[in-house]
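*Asks:* Chain by chain, the residues:
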Amino acid sequence: MNTDRALRRYYGALKGSTRRPVWHTVGWVLTGPVAVALMLLVVAGLPSGAGVRAGDFLLRKQAQMLGLASDGKDRDRLPSRKPFALRGCARVACADGRKIV
Amino acid sequence: MSFWPFVRNRTDDVEAVLKEERPRVYRLALAITSSHDAAEDVTQEVLCRYVLSAPEIDAPRAWMRRVAIRLARESGHASEVQLPSDVLQRSLSPDEAMAVAGALASISLEHRTILALALMEGLSYREIAEALQIPMGSVASRLHEAKKAFRKRWES
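Line by line, the protein sequences give chains X and L.
At position 37 of the first sequence (counting the first as 1) the number is 37 in our numbering, and the numbers step up by one without a gap.
At position 69 of the second sequence (counting the first as 1) the number is 1069 in our numbering, and the numbers step up by one without a gap.
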């Protein structure tokens, strides 16, 4: 065996550097491309309305939890489906003691 | 640790140095002596000496290295190669590690020391010269001789 390699391995073991299996390296190498692919998926999914729908769902749930909406199905009656508008509307409705939907 | 966590005192500093440097001192001693017991003894002695004279030491790491080398050399050759189990577990092949340790144990202390400083600790020529207290020009030639001596034992 190569002398330098034997010495390197021996001193590496003394130094505490642990052996790493191949999949460890492969995993780290793949981390970059996977992260980029996920970002692309997210970016590509935004125009299709997925983000808007998710936001809508959360808002309806929030409204239900606040007691401002019965089932969330009447969202068309909301003045706006945008989060800040709903929050503002909910505040006004609470102050007036009314339900917004 | 003092009562006020943001106020550090001398004891904290010494403890921090001991904690950080202990593994370094131990592995250097192990590389020179090839014996776990001898390396433990050297480490203990180095750390005790450091605690006693810590206020006078500006560069603890270099100081400990010099003392560890001197003490490890004084302890001489171990009767047999004795590597701790964690080192064997970390090496790709325990048999190979023992063979390398055996070959290293059969070369001179000077050669073993300079190989450990250069290949394990990754020191520069200047740092090696300071640690061994030799001229910087001698480091390269001594390292070359050490590798040659090891290769001769390893290949035989």
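One should not assume that every hint holds.
[As the list claims (entries may be wrong)] Selected chain X positions facing chain L (Cβ under 7 Å, derived; list incomplete):
hint, residue
1, Thr3
2, Ala6
3, Tyr10
4, Ala13
5, Leu14
6, Lys15
[What the hints assert, rightly or not] Listed below are several chain L residues computed to face chain X (Cβ distance under 7 Å; list not exhaustive):
hint, residue
7, Val1087
8, Met1120
9, Trp1154
Read the hints as simulated data drawn from the structure, not as lab findings.
Predicted model only: the values in this text are computed from it and were never measured.
Heads up, the beta-carbon is just placed ideally off N, CA and C, and yes, glycines get one too.
*Asks:* Please go over all the hints and tell whether each is borne out by the structure.
*Replies:* Results for each hint:
Checking Thr3(X) against chain L: minimum C-beta separation of about 5 Å stays under 7 Å; hint holds. Using the Cβ-Cβ criterion of 7 Å, the hint placing Ala6(X) at the interface with chain L is satisfied: the shortest such distance is roughly 5 Å. Because the smallest distance between the Cβ of Tyr10(X) and any Cβ of chain L comes to about 4 Å, under 7 Å, the interface hint for this residue holds. A cut of 7 Å between beta carbons decides the hint on Ala13(X): the least distance to chain L is about 4 Å, and the hint holds.
Taken as an interface hint, Leu14(X) checks out: its beta carbon lies about 5 Å from the nearest beta carbon of chain L, inside 7 Å. Evaluation of the Lys15(X) hint against chain L yields a held restraint, the C-beta minimum of about 6 Å falling below 7 Å. The interface hint given for Val1087(L) holds, since its Cβ lies 5 Å from the closest Cβ of chain X, which is under the 7 Å cut-off. Restraint check, Met1120(L) versus chain X: the minimum CB separation of about 4 Å is within 7 Å; hint holds.
Below 7 Å, beta-carbon pairs count as interface contacts, and Trp1154(L) has one with chain X at about 5 Å; its hint therefore holds.
Figure legend: structure checked against the earlier numbered hints; every hint is met.
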